[in-house]
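**Student:** Whenever a hint applies, use it, and build me the whole structure from the sequences.
Protein chains in written order, with the numbering used here: chain A, 77 to 259; chain B, 77 to 259; chain C, 65 to 337; chain D, 65 to 337; chain E, 264 to 644; chain F, 264 to 644; chain G, -16 to 59; chain H, -16 to 59.
Heads up, some of the hints might be wrong.
Unchecked claim - Here are the computed lysine-lysine pairs in the DSS-like style, where the Cα-Cα straight-line distance is at most 30 Å:
{"id": "1", "chain 1": "F", "residue 1": "K615", "chain 2": "E", "residue 2": "K530"}
{"id": "2", "chain 1": "B", "residue 1": "K231", "chain 2": "D", "residue 2": "K279"}
{"id": "3", "chain 1": "D", "residue 1": "K321", "chain 2": "C", "residue 2": "K294"}
{"id": "4", "chain 1": "A", "residue 1": "K78", "chain 2": "A", "residue 2": "K140"}
{"id": "5", "chain 1": "E", "residue 1": "K515", "chain 2": "E", "residue 2": "K528"}
{"id": "6", "chain 1": "D", "residue 1": "K297", "chain 2": "C", "residue 2": "K321"}
{"id": "7", "chain 1": "A", "residue 1": "K143", "chain 2": "F", "residue 2": "K515"}
{"id": "8", "chain 1": "B", "residue 1": "K140", "chain 2": "H", "residue 2": "K23"}
{"id": "9", "chain 1": "A", "residue 1": "K243", "chain 2": "G", "residue 2": "K23"}
{"id": "10", "chain 1": "B", "residue 1": "K219", "chain 2": "B", "residue 2": "K253"}
{"id": "11", "chain 1": "E", "residue 1": "K272", "chain 2": "A", "residue 2": "K231"}
{"id": "12", "chain 1": "E", "residue 1": "K272", "chain 2": "A", "residue 2": "K143"}
{"id": "13", "chain 1": "G", "residue 1": "K11", "chain 2": "C", "residue 2": "K253"}
Hints in this document: simulated from the structure, not taken from any laboratory.
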Amino acid sequence: MKAEIRVAGFGGQGVITFGYVLAQAASIHDEKYALMTQSYGPEARGGACRSDVIISDVSIDYPKLSKLNCFIAMSIDAYNQFKKMVKPGTVVILEEDLVHVPENELLEDVTYYNIPSVREAETLGNRLAANMVMLGAAQAVTKAVSEESLIESIKQRFSRYTELNIKALRRGIELGKQAMGEE
Amino acid sequence: MKAEIRVAGFGGQGVITFGYVLAQAASIHDEKYALMTQSYGPEARGGACRSDVIISDVSIDYPKLSKLNCFIAMSIDAYNQFKKMVKPGTVVILEEDLVHVPENELLEDVTYYNIPSVREAETLGNRLAANMVMLGAAQAVTKAVSEESLIESIKQRFSRYTELNIKALRRGIELGKQAMGEE
Amino acid sequence: MTEQIDYYLEDYLRMDRLPHIWCAGCGLGIILKSYVQALYELEYDLDKIVTVSGIGCAGRASGYVNTDAFHTTHGRALPFATGISTSNTDIKPVVISGDGDLFAIGGNHLIHAARRNINMLVICSNNFNYGMTGAQYGPTTPRDMRTPTSPYGNIENPFNLVSLVSSAGATMVSRWTVFHVNQLKNSIKKGLTKNGFSFIEVLSPCTTGYGRLNKMSPIDMMRDLRDTCKIRKVHPTEATIEPGKEVIIGDFVDIEKPTYADVLDQLTRRSTE
Amino acid sequence: MTEQIDYYLEDYLRMDRLPHIWCAGCGLGIILKSYVQALYELEYDLDKIVTVSGIGCAGRASGYVNTDAFHTTHGRALPFATGISTSNTDIKPVVISGDGDLFAIGGNHLIHAARRNINMLVICSNNFNYGMTGAQYGPTTPRDMRTPTSPYGNIENPFNLVSLVSSAGATMVSRWTVFHVNQLKNSIKKGLTKNGFSFIEVLSPCTTGYGRLNKMSPIDMMRDLRDTCKIRKVHPTEATIEPGKEVIIGDFVDIEKPTYADVLDQLTRRSTE
Amino acid sequence: MSETIPTGKHFVHGDWACAEGAIAAGCGYFAAYPITPATEISEHIASRFPQLGRRFVQFEDEIGAIASVIGASFSGMKAMTATSGPGISLMLENIGLAVMTEVPCVIVNVMRGGPSTGQPTMGAQADVMQCRWGAHGDVEIIALAPQSVQECFDLTVHAFNLSEEYRTPVFLLSDANIGHMFEKLEIPAADEIEIVNRKKPQVFPPDYKPYEADESMVPPMACFGEGYRFYSTGLTHNEMGYPDMSVETQDKLVRRLCDKIRRNKKKINMTEETMTEDCDVLVVTYGVTARSAASAVQMARREGIKAGLLRLITLWPFPDWKIEELADNVKGVVVPEMNYGQLVREVERSVKPTPVEFIPKLGENPPSPDEILERIRRLAK
Amino acid sequence: MSETIPTGKHFVHGDWACAEGAIAAGCGYFAAYPITPATEISEHIASRFPQLGRRFVQFEDEIGAIASVIGASFSGMKAMTATSGPGISLMLENIGLAVMTEVPCVIVNVMRGGPSTGQPTMGAQADVMQCRWGAHGDVEIIALAPQSVQECFDLTVHAFNLSEEYRTPVFLLSDANIGHMFEKLEIPAADEIEIVNRKKPQVFPPDYKPYEADESMVPPMACFGEGYRFYSTGLTHNEMGYPDMSVETQDKLVRRLCDKIRRNKKKINMTEETMTEDCDVLVVTYGVTARSAASAVQMARREGIKAGLLRLITLWPFPDWKIEELADNVKGVVVPEMNYGQLVREVERSVKPTPVEFIPKLGENPPSPDEILERIRRLAK
Amino acid sequence: MFPLPKNKVKIIKSLCKGCGYCIEFCPKNVFERSTELNEKGVTLPEIVRGDECISCGLCVMLCPDFAITMEENPDE
Amino acid sequence: MFPLPKNKVKIIKSLCKGCGYCIEFCPKNVFERSTELNEKGVTLPEIVRGDECISCGLCVMLCPDFAITMEENPDE
Ligand SMILES: Cc1ncc(C[n+]2csc(CCOP(=O)(O)OP(=O)(O)O)c2C)c(N)n1
Ligand SMILES: Cc1ncc(C[n+]2csc(CCOP(=O)(O)OP(=O)(O)O)c2C)c(N)n1
Ligand code: SF4
Ligand code: SF4
Ligand code: SF4
Ligand code: SF4
Ligand code: SF4
Ligand code: SF4
Ligand SMILES: [Mg+2]
Ligand SMILES: [Mg+2]
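**Tutor:** Pasting the structure below:
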């Protein structure tokens, strides 16, 4: 099994944390092979921001994405910038309120899910947890990593707001399952 | 014809000027091939100082001395430092008052001439012209360059004391010839 | 960018490169604005200006001005500008660069250019840190500040830039802030017309780096500049910047001396006499 | 050397390396002498000194002292000494180097080491030129001086070293000459025992370089130091050196501040709290 | 985290791992000037060193940083600096001094796109010749290239060990790809980490000649403050460390400095071979690019092409003898690099008549496995 | 002496000749920091430039010197600096910038013994790899090596011409032996000296793209103050000169910067062949060492050994194709150098299976003709 | 010369990064934070008391993003 | 501690470079230039008024070449 996941948005949305929590869960807690890369640089200042995660049962050689399995877009800028990487078979998860893709621009043979992560996070008490909602949804959709490991990874990563983030993650998993029609 | 000449002494004796005037005379005025090198460096500060001249009818490739024809020593330090380069056939010209080589230390198959250049220069009016006296002697001994060219070279090199230097040169040539028994 | 941008300084800026890369609220935009506004108000011949920068957030300023411009290496803007200034005396080099660029790696060139009185204007954005590399402390960061490389508080003493540059021989030395934007602009105008080495330190908020580390919003930082900075005339050595104390801004030095270009010309006359 | 040399400072010098390379009458020998004399009089533990130099005639000084010694690269003696000083706080680095080494190529390290208040003593031989490379002008050469690279007279303004170093934050700043050899020695003693960044500028004749170009004999140059230098207490910014004018020597700064090593130690305490 | 060696698993980036490697190796002094993509090393060191009572100094520039590292090492500390290409360009003069005065130290270059300011945040492998040839004069250097976060740790420790053993600066050539990539790092228990320390003099101070070496060619090293009162200079020097401008001294010194590395090259050099025994096409690779190359070789084997992999862990001294040997029986050698032709020249020099195919890759990414595979296929024909 | 070009015969040293070469080439700006054995260039320039109304600035260090040279060149001047190894080590970062921003300039390295401070007053050829590889990132460079005082003049003029033609820094690699040696120099009449000037833009300012090149790969060069109002950066940039961090831009830019030299290597390269037509042993040589080699080859011929000489006047771009060709029919190649093995590696890379004998020579003197002859004899067997 | 008398301020929405300086420092409180987002997700300021503007130019000078300009006042 | 009282100055001839500082600056005029040369060709100073020496130590301190030292005065 190999999963390639890109999450992208703008600075401040917790995109890097998303990638880190996911990859750490797979690597340290699921004992899989995993790596995470992110975009850096002045050009990214305030603009697009992204994190790529590769998870695999066997060791990962080439560290860059080669076949994207799942793309999580948390801003319209990010979606537009990276949609060229979306290939038939890729699953795309969009932040429902921030990213609207007109029907006629949807890519062929690509599954789209819309997750209202910001709204859900606000309901839970803090919109900053939207990234964890999206992460939950991504978990549900890709199964690249186990829920327990993600929770462990969150505990390791956060010294504060751990509970909130776990709640957000769980809510995201539910939403993901719903979206997939699993529930 | 190829002549390799080293002149050595201590700073302030005009050793470099000796080399320059000689080599320039050969190169520019005799239209021979000639080059001049000199020792540099902090280690030479106040200590030994030398100038090497190579004069040849054909172009000079290797720019360092390989077979020394004539060695002019203007100080005992200089003589001691470089006497290892003196080989059978080399002519050595010593400043009579500054360099005394004990009879038993004279090198074999080497011709020595003693020239009282400082005294002669003082007689002519300025001990700083001693180097030109020595140069004259070297000319007489080696014939590596013509007297006329040396005079031209002196004129080119000096804007002051030209006459004194030419006189010193001429006196040196006389002394050289005398020493060789030519006169 | 679909919106039609119609801006009164469009002849002075590379409009095709806007928006610039700086963070929201970063003072560098205001410094750049003051500079082009000064050029605009002076109706300065833009063909006779070269804007030179080193590397850093501030160093990006040269890329937005519609003059000849050179984005050089980190810390070396001044020697590049010296080459320009001495080669073509019709040109006024204006260096816009950061406190790190000019005083960390580039400190030596600064004091030597001031000493030689090279005809140029140096606008130093002092945001109290290395913004570009992620807000590490530098030679202007106040004591005890926490930054990524001083997580337990900065243990170094900052320079008093005004005093250092004055000691080195600059003919015009001023300090302003991006809040004091009109004085800043006027100071730049003065520097642009002065024949000599002019230096303007501009206190400027680094909002995402220094600001976030200090838990200050851009507006907090601007208010801070408004409230703690006072215009006074003191000896440059007294114009230190210390946390919690009033910061003195204004003009510190304004003298006349022959510039390097002047004396080079004299030299030519002397050598051919 | 056949003569048996029996010298009272032989434990302080590398006697096997004498005579040194400096020219007749060069002030560097006197600076070196004052330094070892100071060590001798203080009975300083020679194992706790590292003598550090850059490159230049002055830079050769480290090679004659019987302490650990490091002859580094041109202009960089101070960062080497900073590494030493911060790694082993028992050691006092003493930098002996030239005006060119410390203020031309090395100027930036000097102001930063002063700013950080690194515990070290810097003895700067100011011979007003680059002696080692053949007496070219440098950042201390007075205006109008003729040197091999200023054959029509120097067009640059010299630094006031005392003012520059003070501005940068040094805790002890003095200027002496090799003629004022006892004051110099005492100043070195003070610097050796001071905990902080101490800087002593020593005016020193370069007899073959600067002297010959000025048509001055070594004795002329020493007389000049004797006759033009006056001990006074002035603000560092006033201690300029101008040809034909009286040169002010003496102590300019003597203050106490925590050293870099002190604050590093505090940092360790703070970080483990 | 306040233990000296945080044994266990961590999910971290290469720069973090490198900083921990230095700590584990016993680095007591670190100086640097911030630069992307190496700054994270300083940042991690800045948070860890004070607690451990070690010395971190953020310098005014890279020239000062390396100078202070040399000063610290001479004062008995293990010392390191970290930077990227522009910083290395500035450090070269003092790196030459460290070679000349034989001061151990570790220099990390987290490579980024050049020339000049180039692509500050993106990876490259375009400084591999620079680290060998950048300083003036005849300089031999040791350089290691990690391919993973784990190796950033392991090879940093190893770099210190080599540096102490040979009294010479050692480069760790990482790049933005590795330095900024998060992967699992397993830090071993302290007692499982091998540590080498510089050889100390066994004589009394008056008998100590700081630059006198035995057949190992590496002189024992006294440090400042230990009572040896030695002198060290960047000038050509004799065994006492005193300047000596004679031709003989220069000849002897430069030969020894270079030969202490050259003659030990087989001992120093580390490579990793995969399926080279029977290969028709050999891929020679290093650093992050080696990961692509490993995939490509696997893919080729699956296609029935006998491809083999030689991964250079030590880039300098260059394993020319090994490549010569391996290349003897192959149809061709493929050299992918994230530059426009650097180490491939050394491969060409080593293999003599065997054809060499170079894959240049400029701008951020290593060549993909497919790009390498295609060349393997071509050469296998 | 106040004429611009002092046509006629002079008995002078190489540094003097180099300075006059710069003057003859039209150099309008010279900046340097004193260093043995290059200071005499500054000194001669200092006495000549003021009279000619040109600009000499003695800088606070070499970093500033080269920076100002680049600034001056961008302001329309032909510009030069002169230094030795330690100075080059410091200049490398800005040399990389000159390559990246395509600013013509001439850099003279009067080489001396290294590493580090080494042997300041003595000659060496140990910086020949440095000038090619010293700057970080992928950099191509042009370097010329004079063998005589006359060539110090001629090749300085030529260095300016190449630099203007290719918009790139050009090195003159002299050494203390040549720089401090006095020989006859004949300065030709002004109108006999070929001068090349940078190509200027033929478009109106608004249409000017500072980094757009035609098939020559060299963009026309506007200068500051000419009304083009262009922007230049050391960051990876597009044709407008604007920073652009894309992989494509980096790839395109670095390839063009390198290829403008690589593809023109046969045009740029200058060598001198003596008796190579029928030779059994080929001596490949450059700079002052070539003088010894020339003697040795003559001596060998006198002994009946068919020796031939290839003297490299251009060291970079390296004439690998020519050496490959010449080496095809010889028994062996001899490479004498005043270093511990530098350009010989390029020869080895070029000649493939032919044996190569290296003669290292450290400390002041070039190898003597006898030393070279001995190797020729050995290979001729 | 600038400031031109009696002009009307205008926000160039695509350039605004939302720092809020205009809102905070306008002496006449002309601006307020709106709920409108631009394509970068920035909450834009809006001109709510345009009539009170005294054309002092401070907002134009202080806006770090060249996002405020003045138009000639059509009323005059 | 130095200066030691009532000592006798001594010239180490092989180290002297002949600058003349001792001759010029000794407050008691103890030295004069001699005609003796050392092996470097330096005209050495000589001690001509040794008795007038007050052991001030200035010559020892000022000699740039470590060529003047003091011996314990045998007379005491
Ligand atoms: C030789 C070199 N060293 C380090 C860097 C990395 N670097 C880029 S910008 C910068 C500091 C910027 O600080 P400052 O000049 O204050 O500008 P700011 O970003 O704060 O405006 C550094 C260290 C570099 N580009 N080159
Ligand atoms: C990087 C570098 N640049 C230049 C030099 C040449 N150099 C050696 S010493 C020196 C100047 C010495 O002047 P100063 O420090 O005043 O010492 P002094 O010789 O006058 O005592 C110079 C420029 C060098 N060694 N290294
Ligand atoms: S990091 Fe700081 S200085 Fe740089 S653009 Fe952002 S706010 Fe401005
Ligand atoms: S050149 Fe000058 S500074 Fe150097 S040793 Fe001679 S007198 Fe002293
Ligand atoms: S000052 Fe400019 S950037 Fe800031 S909120 Fe107002 S319009 Fe937007
Ligand atoms: S011009 Fe002045 S009054 Fe008008 S909106 Fe701007 S800041 Fe307010
Ligand atoms: S000790 Fe004093 S009095 Fe005696 S010789 Fe020396 S300088 Fe003269
Ligand atoms: S002071 Fe010293 S060196 Fe000078 S003349 Fe006297 S003894 Fe000789
Ligand atoms: Mg800053
Ligand atoms: Mg000096």
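**Student:** If a hint holds in the structure, say so; if it does not, say that too.
**Tutor:** Hint check:
In summary, the hint linking F/K615 to E/K530 is supported, as the alpha carbons are separated by about 27 Å, within the 30 Å threshold. As the CA atoms of B/K231 and D/K279 are separated by approximately 25 Å, the hinted pair is consistent with the 30 Å bound. For the proposed pair D/K321 and C/K294, the alpha carbon gap of about 27 Å is at most 30 Å, so the pair holds. Taking the CA atoms of A/K78 and A/K140, the gap is near 13 Å; set against the 30 Å cutoff, the hint holds.
For the hint linking E/K515 to E/K528, the alpha-carbon distance of about 19 Å falls within 30 Å, and the restraint holds. Annotation: proposed proximity of D/K297 to C/K321 holds, straight-line Cα distance about 27 Å (limit 30 Å). For the hint pairing A/K143 with F/K515, the CA-to-CA distance comes to about 26 Å; that is within 30 Å, so the pair holds. As the CA atoms of B/K140 and H/K23 are separated by approximately 27 Å, the hinted pair is consistent with the 30 Å bound.
With a C-alpha separation of about 29 Å, the suggested pairing of A/K243 with G/K23 holds against the 30 Å cut-off. This hinted pair checks out: B/K219 and B/K253 have alpha carbons roughly 11 Å apart, not beyond 30 Å. The hinted pair formed by E/K272 and A/K231 meets the criterion: a straight-line CA distance of about 15 Å does not exceed 30 Å. Proposed proximity of E/K272 and A/K143 is supported: the alpha carbons are some 28 Å apart, at most 30 Å.
Straight-line distance between C-alpha atoms of G/K11 and C/K253 comes to about 28 Å, which keeps the hinted pair within the 30 Å bound.
Comparing the model with each numbered hint stated earlier shows that all of them hold.
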